[in-house]
Amino acid sequence: MNKKLKEKIKEALSSVLPITIIVFLLSITIAPMPIGTLMLFITGAVLLIVGMGFFSLGADTAMMPMGEAIGAEVVKTRNITLAVVSFLLMGIMVTIAEPDLQVLATQVPSIPDIAIILTVAVGVGIFLVIALLRVLFRIKLSYMLTFFYVIVFALSVFTPKNFIPVAFDSGGVTTGPITVPFIMALGIGLASISGDNDSQDDSFGLVALCSVGPILAVMLLGIFYNPSSVSYTQAEVPEIHTTQDVAAQFAAGFPAYIKEVSLALLPIAVFFIIFQLKYKSFRKKQLIRVGVGVIYTFIGLVTFLTGVNVGFMPVGQFLGSEMAGSKYKWLLIPLGMIIGYFIVAAEPAVHVLNKQVEEISDGAISSKVMQRSLSIGISVSVAIAMIRILTGISIFWFLIPGYALALILSFFVPKIFTGIAFDSGGVASGPMTATFLLPFVVGACNKLGGNVLTDAFGVVAMVAMTPLITIQLLGLIYKYKQKINIEKSVDIPDNNVSDDIIEYESYEGAISNE
Amino acid sequence: MNKELTKTKVKVLVTIVDRGKGQRIADILSAHHLHFHYVCFGLGTASSDILDYLGIGETDKDVVISIAPECKIHELLNDITEKMQIRKPGHGIAFTIPLSGISCSFAQMLMKEHDSNKIESKTESEVINVDLEIKHDLILTVVNHGHCDQVMEAARRAGATGGTILHAREVGSEEKFFGISINPEKEIVAILAKREVKHGIMQAISQAAGINTPSKGIVLSLPVDNIIGLG
Numbered sequence: 002m003n004k005k006l007k008e009k010i011k012e013a014l015s016s017v018l019p020i021t022i023i024v025f026l027l028s029i030t031i032a033p034m035p036i037g038t039l040m041l042f043i044t045g046a047v048l049l050i051v052g053m054g055f056f057s058l059g060a061d062t063a064m065m066p067m068g069e070a071i072g073a074e075v076v077k078t079r080n081i082t083l084a085v086v087s088f089l090l091m092g093i094m095v096t097i098a099e100p101d102l103q104v105l106a107t108q109v110p111s112i113p114d115i116a117i118i119l120t121v122a123v124g125v126g127i128f129l130v131i132a133l134l135r136v137l138f139r140i141k142l143s144y145m146l147t148f149f150y151v152i153v154f155a156l157s158v159f160t161p162k163n164f165i166p167v168a169f170d171s172g173g174v175t176t177g178p179i180t181v182p183f184i185m186a187l188g189i190g191l192a193s194i195s196g197d198n199d200s201q202d203d204s205f206g207l208v209a210l211c212s213v214g215p216i217l218a219v220m221l222l223g224i225f226y227n228p229s230s231v232s233y234t235q236a237e238v239p240e241i242h243t244t245q246d247v248a249a250q251f252a253a254g255f256p257a258y259i260k261e262v263s264l265a266l267l268p269i270a271v272f273f274i275i276f277q278l279k280y281k282s283f284r285k286k287q288l289i290r291v292g293v294g295v296i297y298t299f300i301g302l303v304t305f306l307t308g309v310n311v312g313f314m315p316v317g318q319f320l321g322s323e324m325a326g327s328k329y330k331w332l333l334i335p336l337g338m339i340i341g342y343f344i345v346a347a348e349p350a351v352h353v354l355n356k357q358v359e360e361i362s363d364g365a366i367s368s369k370v371m372q373r374s375l376s377i378g379i380s381v382s383v384a385i386a387m388i389r390i391l392t393g394i395s396i397f398w399f400l401i402p403g404y405a406l407a408l409i410l411s412f413f414v415p416k417i418f419t420g421i422a423f424d425s426g427g428v429a430s431g432p433m434t435a436t437f438l439l440p441f442v443v444g445a446c447n448k449l450g451g452n453v454l455t456d457a458f459g460v461v462a463m464v465a466m467t468p469l470i471t472i473q474l475l476g477l478i479y480k481y482k483q484k485i486n487i488e489k490s491v492d493i494p495d496n497n498v499s500d501d502i503i504e505y506e507s508y509e510g511a512i513s514n515e
Numbered sequence: 107m108n109k110e111l112t113k114t115k116v117k118v119l120v121t122i123v124d125r126g127k128g129q130r131i132a133d134i135l136s137a138h139h140l141h142f143h144y145v146c147f148g149l150g151t152a153s154s155d156i157l158d159y160l161g162i163g164e165t166d167k168d169v170v171i172s173i174a175p176e177c178k179i180h181e182l183l184n185d186i187t188e189k190m191q192i193r194k195p196g197h198g199i200a201f202t203i204p205l206s207g208i209s210c211s212f213a214q215m216l217m218k219e220h221d222s223n224k225i226e227s228k229t230e231s232e233v234i235n236v237d238l239e240i241k242h243d244l245i246l247t248v249v250n251h252g253h254c255d256q257v258m259e260a261a262r263r264a265g266a267t268g269g270t271i272l273h274a275r276e277v278g279s280e281e282k283f284f285g286i287s288i289n290p291e292k293e294i295v296a297i298l299a300k301r302e303v304k305h306g307i308m309q310a311i312s313q314a315a316g317i318n319t320p321s322k323g324i325v326l327s328l329p330v331d332n333i334i335g336l337g
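These protein sequences, in sequence, are chains F and H. So the first sequence is residues 2 to 515, counted in our numbering. So the second sequence is residues 107 to 337, counted in our numbering.
Take the hints with a grain of salt, since some may be wrong.
Claimed, not checked - The list that follows gives simulated cross-link-like pairs (lysine-lysine, DSBU-like), each with its CA atoms no further than 35 Å apart: (1) F:K356 with H:K292; (2) F:K484 with H:K241; (3) H:K127 with H:K241; (4) F:K141 with F:K448; (5) H:K322 with F:K482; (6) H:K282 with F:K4; (7) H:K322 with F:K279; (8) F:K77 with F:K281; (9) H:K300 with F:K489; (10) H:K241 with H:K292; (11) F:K484 with H:K300; (12) H:K115 with F:K286; (13) H:K241 with H:K282; (14) H:K322 with F:K489; (15) H:K292 with F:K285; (16) H:K300 with H:K189; (17) H:K127 with F:K482; (18) F:K285 with H:K115; (19) F:K5 with H:K218; (20) F:K285 with H:K218; (21) F:K416 with H:K218; (22) H:K189 with H:K218; (23) F:K5 with H:K194; (24) F:K356 with F:K77; (25) H:K189 with F:K489; (26) H:K241 with H:K218; (27) F:K11 with H:K282; (28) F:K11 with F:K260; (29) H:K115 with F:K369; (30) H:K218 with F:K286; (31) F:K286 with H:K194; (32) H:K282 with F:K7; (33) F:K141 with F:K416; (34) H:K127 with F:K480; (35) H:K218 with F:K7; (36) H:K282 with H:K292; (37) H:K292 with F:K7; (38) H:K115 with F:K484.
Source of the hints: derived by calculation from the structure; they are not laboratory data.
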């Protein structure tokens, strides 16, 4: 069989199967599940595997090359106005089209949807420009991040209390499975044509800064409108009696996600076409490949989103409330950690990030190590979310020390790790978190009678925060090991070494050329 | 001292295998007391247009570049062949390039653990018979980023079977744009070919993607004296 195809199938299976098996095991032990819901879940898992495979292939052949080409082309023109304007527009357009943002908007009924969408989109656009200028003017990412997060925390003092978890969630939510690979590719393209020593370090960090935009935007809206309520529409667990019902559920889901995904892909495609017409950076053969890749991405995302929304959302909520209702409430913490550990592998953008990290670092930071660090991070974040539900501790007790630690670390770890870490915060909090983890926590919270808005929300914020720490810790280990290696490798033989050059003249005779 | 070192030549051993298997090659080399190997990422070219369009043509590769004394080469190649099943098509490729010079200190470090007088004659003769009769060349083409397709197309028409793409950047001609210096991106296409078809392939590449075309390609070839796994 074709090697690449085999690799993609393996990747898709290995990312979706573990979480499927865990949920299945839970359903036959402590959280007995109606057979209909289980059917939904298993069908969803199959769709997820197919979707993941196509998406990952599409990201390789279309999303990344498009982003990289635009990023590189913008710098090559050496026209700062053009660069700023196109980055601003791209940020705004890509965000408006992001399906997750529309969900977020409906959660805050007291503010008009359009106001939220536009503010967040402009927020992302401005921060994308800031990220571009940062690379051009060579400002350290750690300085920028510290500066903006200090502003974020200062503003949070004035923001209504109910609003804070939603604001932090929005940072993770708005950077979805389409925007992340694209924005990441822009950064890689930007860095790729620079020959400076540390250009590699600049490959990452765009998503990191873009995640700050929505947090600030939502907080500002909160202060300005002072909304009285934030609402969360619960996922309904549909009545499933026959296999026909299962099919009907999924059939109803497809058209909605076809529309969503086409809307989200459209602005990127339009931008790419404009760039291609102007700069002709792609040749015919590559264009065909990119075209096929866009179709892959489309098929992949539609299948994935339908699977996760129809199949996983009800199960997440069901599991949460069932486990919270059982005698052993404390089980929520260890089981949540296990779910968290495996769920991040099923997040589509995570593979794109891991692969790029491996590629850019020329194998030095392998995707396996990345995967493990992310898994540990998400595992911790679910534990924190569960502790918060069980105890009702304010999110600030975790947010402030967490971000403080992450920012302090950013001054000590190799620069590339800071970029990767803050990027991965946005990457890890994708559709899987929004449609499985969030309902899971909300379900548990409802059952325990907690305040959904202050206690359950914020899980996305936690998922977006913990990788900042775990990936940077990985960076520290890496730095330490490298130091040891360098000390070890200086092993020059002690007998007096001459600096002469030995010439092998004889070899020329051996080759009869022309 | 110098005389003794010049007796045994040092060669570059290049091994190209699927992504992730580079570590195994490094392990094999280390087992032979060779500690100078460098791994970089490459991209194997597609074997057909259809696969290429479908995005499943190119495969990620590990390119392992190592330095080894000549007396060790045959033993090494045999070991790699055995452990990696490299003779079967699609399992990778290994070849050596002769060097024209080396710093004395490096040669000394390399030879430290190898007794050049003790050459295993048994395995050597076997490999020589198979491999040294057919002469090969490594054709390197440096083109502008994104133009490797033209190179491969031309090369394939002239009889090449496949190639490996490495990413590179041009240095020395950078222009500044604010804080960053801009270096044009390049692609290096490495193609192994038999000596009979080498000239034709180079000619074809030169015409299709040479310095006068938008690809701005330069073509050169290096002699390859041992090879396993081609075709």
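Okay, the hints, checked on the actual structure:
no. : hint               : in the structure
1   : F:K356 with H:K292 : holds (21 Å)
2   : F:K484 with H:K241 : violated (44 Å)
3   : H:K127 with H:K241 : holds (27 Å)
4   : F:K141 with F:K448 : violated (46 Å)
5   : H:K322 with F:K482 : violated (42 Å)
6   : H:K282 with F:K4   : violated (42 Å)
7   : H:K322 with F:K279 : holds (21 Å)
8   : F:K77 with F:K281  : holds (13 Å)
9   : H:K300 with F:K489 : violated (42 Å)
10  : H:K241 with H:K292 : holds (29 Å)
11  : F:K484 with H:K300 : violated (44 Å)
12  : H:K115 with F:K286 : violated (44 Å)
13  : H:K241 with H:K282 : violated (45 Å)
14  : H:K322 with F:K489 : violated (43 Å)
15  : H:K292 with F:K285 : holds (19 Å)
16  : H:K300 with H:K189 : holds (25 Å)
17  : H:K127 with F:K482 : holds (22 Å)
18  : F:K285 with H:K115 : violated (47 Å)
19  : F:K5 with H:K218   : violated (42 Å)
20  : F:K285 with H:K218 : violated (53 Å)
21  : F:K416 with H:K218 : violated (38 Å)
22  : H:K189 with H:K218 : holds (26 Å)
23  : F:K5 with H:K194   : holds (18 Å)
24  : F:K356 with F:K77  : holds (26 Å)
25  : H:K189 with F:K489 : holds (29 Å)
26  : H:K241 with H:K218 : holds (31 Å)
27  : F:K11 with H:K282  : violated (44 Å)
28  : F:K11 with F:K260  : holds (29 Å)
29  : H:K115 with F:K369 : violated (39 Å)
30  : H:K218 with F:K286 : violated (51 Å)
31  : F:K286 with H:K194 : holds (30 Å)
32  : H:K282 with F:K7   : violated (43 Å)
33  : F:K141 with F:K416 : holds (8 Å)
34  : H:K127 with F:K480 : holds (25 Å)
35  : H:K218 with F:K7   : violated (43 Å)
36  : H:K282 with H:K292 : holds (18 Å)
37  : H:K292 with F:K7   : holds (30 Å)
38  : H:K115 with F:K484 : holds (33 Å)
In this structure, the earlier hints numbered 2, 4, 5, 6, 9, 11, 12, 13, 14, 18, 19, 20, 21, 27, 29, 30, 32, 35 are contradicted, and the remaining ones agree with it.
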